[in-house]
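Student: Sequence:
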Amino acid sequence: MGIWKTGCISILIGLSLLAGQASSQAEEVELILTNGDRLKGELVSEGETIVLKHAVLGELSMANGDVRMIERPKPQPVSPKPKVQKPTVAKASPSPEPAGKATGSSAKQPGKLDRAIQATRTNRFVDLIDLDAWTQQLEFGMNAQSGRRDKVDFNTLYSMRRKIQNNDFRLLVRRYYGESNQEKTTDRTFSNFRWRHDISPGVFYQSDTEYSSDRIKEIDLNLEQTLGVGYRFLNQKALKVSTGMGMSSRYRDRATVSGETSYLVDLFQDIDYRVNNRLRLTQEFKLEVPPDKEDEYEYEFRMGMTSKVNEALHLSLRYQLEYDRSLPEDRREDQRVVSSVGIDF
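Numbering follows the numbering used here, with no gaps: position 81 of the sequence shown is 81.
Worth flagging that the hints you see were computed from the coordinates, not collected in a lab.
Where hints are given, some of them may not hold.
Claimed, not checked - Using 25 Å as the maximum straight-line C-alpha spacing, the simulated BS3-like pairs for lysine-lysine come out as follows:
id: 1; residue 1: Lys-163; residue 2: Lys-237
id: 2; residue 1: Lys-163; residue 2: Lys-74
id: 3; residue 1: Lys-184; residue 2: Lys-151
id: 4; residue 1: Lys-74; residue 2: Lys-53
id: 5; residue 1: Lys-217; residue 2: Lys-151
id: 6; residue 1: Lys-237; residue 2: Lys-308
Values in this document were obtained by computation on a predicted structure and should not be read as measured data.
Take the sequences, apply the hints, and build the full model.
Tutor: Okay, here's the thing in structure tokens:
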């Protein structure tokens, strides 16, 4: 944003030196914000972000959604006598009068700007918690077997995703449960909230919050918070490839050890490939290594395929592999193939 703003200022300075009075011909508009406030000034750019150059406050940037209306002046009839502009030089001397008006209004305008900024933040928060604006999916799968063994497995997945300007939010909630001959074989809950914020083209920082529990592995509680920086090698509409690293802290309660805290170095990588409007391939990899106990590393590998049946239904097939060397040897590895039917809403 700083580079773009500096470039715009340089261009405006160059135009003013070349054209002289060109700035007086720029379009003056009045912005009506969603909270009812009004701002007058020169319209610099218009798009997803509206930039207004105010005589007192300088350049103001605001999201398109925070502006209800842009009022433009009605075109004035062209005067048939162009030389009549000379007397306007003499009339330009009372310029202190509009300057006085601007000075008088400057005490009120910052208050309006503060209210506009506050309204913008409020609108963004309301926009974030508006569930209708999120892309949501609910998947359910079941595998039943009877005969020599009576076996049943259930899996559910709920996901939410939303992109707001340079922010990407994603929430995942997974639940696995299985029984074999009336004995519990799987009982796991997992949730993850990821926030990525673009710093510059291709570069982002990431916050990843994770909660999980696994009764079979005797993990009563696993809380993990990760902060990191990543880079998108490819950021196309159909293909996105990202990688990065960070640091995480983990708190874990187990049946044998209570209140275990550890710090880890994280490496992550993910691919999102939309083959066409109906088929999508995804892959994620994560490696965590504690610096003081390098042999107790942990990694996760997931890959999946999603095929849309129609606008409301899709089928998915996923492979998941998890390995945690900090656990006892008979509980370190967990891998599964999951097929499910999903609803998009």
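Student: If a hint holds in the structure, say so; if it does not, say that too.
Tutor: Here is how each hint holds up against the structure:
no.	hint	verdict
1	Lys-163 <-> Lys-237	14 Å, holds
2	Lys-163 <-> Lys-74	37 Å, violated
3	Lys-184 <-> Lys-151	10 Å, holds
4	Lys-74 <-> Lys-53	20 Å, holds
5	Lys-217 <-> Lys-151	19 Å, holds
6	Lys-237 <-> Lys-308	18 Å, holds
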